[in-house]
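S.K.: Chain G: place on chain E using the hints.
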Amino acid sequence: MSRHVQALVLFMLGGALLRISIGETYLRYVKSALRPWVILTGALLVILAVYAMVELIREERAAKAGVALADGHEHDVVHGGHDDGHGHSNRHLWTAWLLLIPVAAILLVSPPALGAWAAGRSQPVVQQPTSDDDFPALPATNPVPLALNEYAVRAVWDDHQSLAGHNIELVGFVTPIPASKQAGLPPNSHFWITRMMLTCCAADAVTTKIVAVDAPDLPANTWVKIVGQWEPGGGTNVDTAIPWIKTQNLTRIPQPTDPYE
Amino acid sequence: MLASQTECGGKTRKLWRSADIRGHTVVILEPMTETPTTATGPRPVTPASVEDAASTGGQQQVPSRRWRRPNGLEVLTVGLVLLAIFRGPLANLFDTPMIQTGATIFVSIIVQALPFLALGVVLSAVITAFIPPSFWQKALPSRPALAVPVAGAAGAVLPGCECASVPVAGGLISRGVAPAAAFTFLLAAPAINPIVVVSTLVAFPGRPEMALARFVASLAASIAMGWIWLRFGKSQWLSMPDRSHLQGNSPWHTFRLAATHDFLHAGGFLVIGAFAAALLNVAVPTEWMNAVASNHWLSILAMALLAVALCVCSEADAFVAASLTQFSFTSKLVFLVVGPMVDLKLIALQAGTFGRSFAFRFAPTTFVVATTAAVVVGSVLL
Numbered sequence: 001m002s003r004h005v006q007a008l009v010l011f012m013l014g015g016a017l018l019r020i021s022i023g024e025t026y027l028r029y030v031k032s033a034l035r036p037w038v039i040l041t042g043a044l045l046v047i048l049a050v051y052a053m054v055e056l057i058r059e060e061r062a063a064k065a066g067v068a069l070a071d072g073h074e075h076d077v078v079h080g081g082h083d084d085g086h087g088h089s090n091r092h093l094w095t096a097w098l099l100l101i102p103v104a105a106i107l108l109v110s111p112p113a114l115g116a117w118a119a120g121r122s123q124p125v126v127q128q129p130t131s132d133d134d135f136p137a138l139p140a141t142n143p144v145p146l147a148l149n150e151y152a153v154r155a156v157w158d159d160h161q162s163l164a165g166h167n168i169e170l171v172g173f174v175t176p177i178p179a180s181k182q183a184g185l186p187p188n189s190h191f192w193i194t195r196m197m198l199t200c201c202a203a204d205a206v207t208t209k210i211v212a213v214d215a216p217d218l219p220a221n222t223w224v225k226i227v228g229q230w231e232p233g234g235g236t237n238v239d240t241a242i243p244w245i246k247t248q249n250l251t252r253i254p255q256p257t258d259p260y261e
Numbered sequence: 001m002l003a004s005q006t007e008c009g010g011k012t013r014k015l016w017r018s019a020d021i022r023g024h025t026v027v028i029l030e031p032m033t034e035t036p037t038t039a040t041g042p043r044p045v046t047p048a049s050v051e052d053a054a055s056t057g058g059q060q061q062v063p064s065r066r067w068r069r070p071n072g073l074e075v076l077t078v079g080l081v082l083l084a085i086f087r088g089p090l091a092n093l094f095d096t097p098m099i100q101t102g103a104t105i106f107v108s109i110i111v112q113a114l115p116f117l118a119l120g121v122v123l124s125a126v127i128t129a130f131i132p133p134s135f136w137q138k139a140l141p142s143r144p145a146l147a148v149p150v151a152g153a154a155g156a157v158l159p160g161c162e163c164a165s166v167p168v169a170g171g172l173i174s175r176g177v178a179p180a181a182a183f184t185f186l187l188a189a190p191a192i193n194p195i196v197v198v199s200t201l202v203a204f205p206g207r208p209e210m211a212l213a214r215f216v217a218s219l220a221a222s223i224a225m226g227w228i229w230l231r232f233g234k235s236q237w238l239s240m241p242d243r244s245h246l247q248g249n250s251p252w253h254t255f256r257l258a259a260t261h262d263f264l265h266a267g268g269f270l271v272i273g274a275f276a277a278a279l280l281n282v283a284v285p286t287e288w289m290n291a292v293a294s295n296h297w298l299s300i301l302a303m304a305l306l307a308v309a310l311c312v313c314s315e316a317d318a319f320v321a322a323s324l325t326q327f328s329f330t331s332k333l334v335f336l337v338v339g340p341m342v343d344l345k346l347i348a349l350q351a352g353t354f355g356r357s358f359a360f361r362f363a364p365t366t367f368v369v370a371t372t373a374a375v376v377v378g379s380v381l382l
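Line by line, the protein sequences give chains E and G.
Residues 1 to 261 in my numbering are what the first sequence spells out, letter by letter.
Residues 1 to 382 in my numbering are what the second sequence spells out, letter by letter.
Treat the hints as calculated values from the structure; they're not laboratory data.
Please note: incorrect hints may appear among the correct ones.
[Stated by the list, open to error] Reference excerpt, derived from the structure (chain G facing chain E, CB under 7 Å, subset only):
1. Thr77
2. Pro97
3. Gln100
4. Val111
5. Leu123
6. Val126
7. Phe130
8. Ser174
9. Gln247
10. Thr260
11. Val271
12. Cys313
13. Ala316
14. Val320
[What the hints assert, rightly or not] Chain E is faced by these chain G residues, among others (derived, beta-carbon under 8 Å):
15. Gly72
16. Leu83
17. Ala91
18. Asn92
19. Phe94
20. Ala103
21. Ile105
22. Gln112
23. Ala259
24. Phe269
Note that the Cβ used here is the ideal one computed from N, Cα and C, for glycine as well.
Just chain E, with the same shape it has in the complex (with noise of 0.2 Å):
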């Protein structure tokens, strides 16, 4: 691979970096608290690049300038130097063509988010709290607007029933139920209500899906809002419980900035 590819490589990776990282896009990919390292990581690929960049020019310049010197001398050592670049050393970097899939990956396909295909794959866990204290009361608010994950772990590990006597507001997207998941759930149950929580990227997604009970069947990944109260049901104390929520009211919204939680 020569210097030239080499520097333009590392332009187009660090380009690319930046354009998802600057914009919302990366938070299809990453956690939000990683954002800081890919733009320092997407800026140090391209000054470097344009470091490269500039030797070059500034070693081709010097070697026209030693070729107009040498007056025919082509195997001048002017001529050389810019080359030694090219040299035996470079030749292992082939691998670094590969770095172009992802760049292509990231301007030309801009994968989405994970959605029901992979929740639909997914074992939903629910994990339980590290503390044994008691779950604070939910605000006074109506409705409460809370996150699924903290839903499911109310509804499955609070034995105090905190989620009871309160309108609930979530957020996710559908993901159908098969008709091999449908017993034991009430009927008119078409969809869970599904989110997934990262930790580091996406290869680390945990899905947490709760049963919309009531709620009319709509399209897979279709973002709904859902305000209803908490249902008994789908288990409690063990962490593959699946919660329902009995809808009261559903509207239809865009996919949030961030998918996940």
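M.R.: For chain G alone, coordinates are given in the frame of chain E:
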């Protein structure tokens, strides 16, 4: 352009090879009438001038060929134009949810790993450019058998995941640190640093012994691997890229050359690893997991293999392990110990940094040692 003209044929490469081995004796092998030595005049023979000679020599052979390989810039330009034209069909190809999910996971692993890889590359470049080899002679015990546990304990202070530790270990070896100690550091650092310990504590509420078991098993496996390398390792398995051309005119120049080179090199291997991980992530049927989870030994083997396949960053893998509820705690521990030491992207990165014949011996051995360490520690502590 000159770049690819020099890469035209095997003949030229042979010339380079001899330049590699014999250093400046390349001048004698040169088929040129005008030798570079006369051209360079009194310039001292440095690796750079050897390269000058080699590439000038390659250049000479070009006019005799009618067809020349297109150079990198041309390939890149044509590729970009083709991509721009076929953007529509390409996007359609990604319309099925399975391919979309795979693509998302691929891009996620890359975007998530690049900052850590960059951190490792920068640290490695700092080691190459600014820290003299004598520092390591003072910092580490001179007997490699003692340097191994010291390097293992030093792993506790590098706050990164496994992508960072591969280039750092490469930098250490190139600065004269005993390979055994560098490998122990490579294996220990991503598994026992404070961030990983804390995230393990958080992921397993009410089970602090999980974090302890992980720490003990990972450190034990890393040190064991260092000693195994001392006893059985052969230095000819290591083929580290020649770094002599990365010597710049000033420390800052060296830093820049080393960082650019290492990043491009390791980055390409990261792409291979991330691709394999994304493929497995969407292709392995979830029913298999439930089937194997019920059998004690099968579940341990399955979790070890899953750790290799999923390539989850060591700072996040505790949460993934916790979410695999159908599995026993010992098999989860195996997942946590194996993952930061052997996974697809690491194998690819190691093959790139230390050579394939190294990686294909080192990775399976590490897999066995790490799994054994986790099972033994797990049966005592969990």
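S.K.: None of the hints should be skipped; say for each whether it holds.
M.R.: Consistency of the hints with the structure:
| no. | hint | in the structure |
| --- | --- | --- |
| 1 | Thr77 | violated (10 Å) |
| 2 | Pro97 | holds (3 Å) |
| 3 | Gln100 | holds (6 Å) |
| 4 | Val111 | holds (5 Å) |
| 5 | Leu123 | violated (13 Å) |
| 6 | Val126 | violated (13 Å) |
| 7 | Phe130 | violated (17 Å) |
| 8 | Ser174 | violated (14 Å) |
| 9 | Gln247 | violated (11 Å) |
| 10 | Thr260 | holds (5 Å) |
| 11 | Val271 | holds (4 Å) |
| 12 | Cys313 | holds (5 Å) |
| 13 | Ala316 | holds (4 Å) |
| 14 | Val320 | holds (5 Å) |
| 15 | Gly72 | holds (4 Å) |
| 16 | Leu83 | holds (6 Å) |
| 17 | Ala91 | holds (6 Å) |
| 18 | Asn92 | violated (10 Å) |
| 19 | Phe94 | holds (5 Å) |
| 20 | Ala103 | holds (4 Å) |
| 21 | Ile105 | holds (5 Å) |
| 22 | Gln112 | holds (4 Å) |
| 23 | Ala259 | holds (6 Å) |
| 24 | Phe269 | holds (6 Å) |
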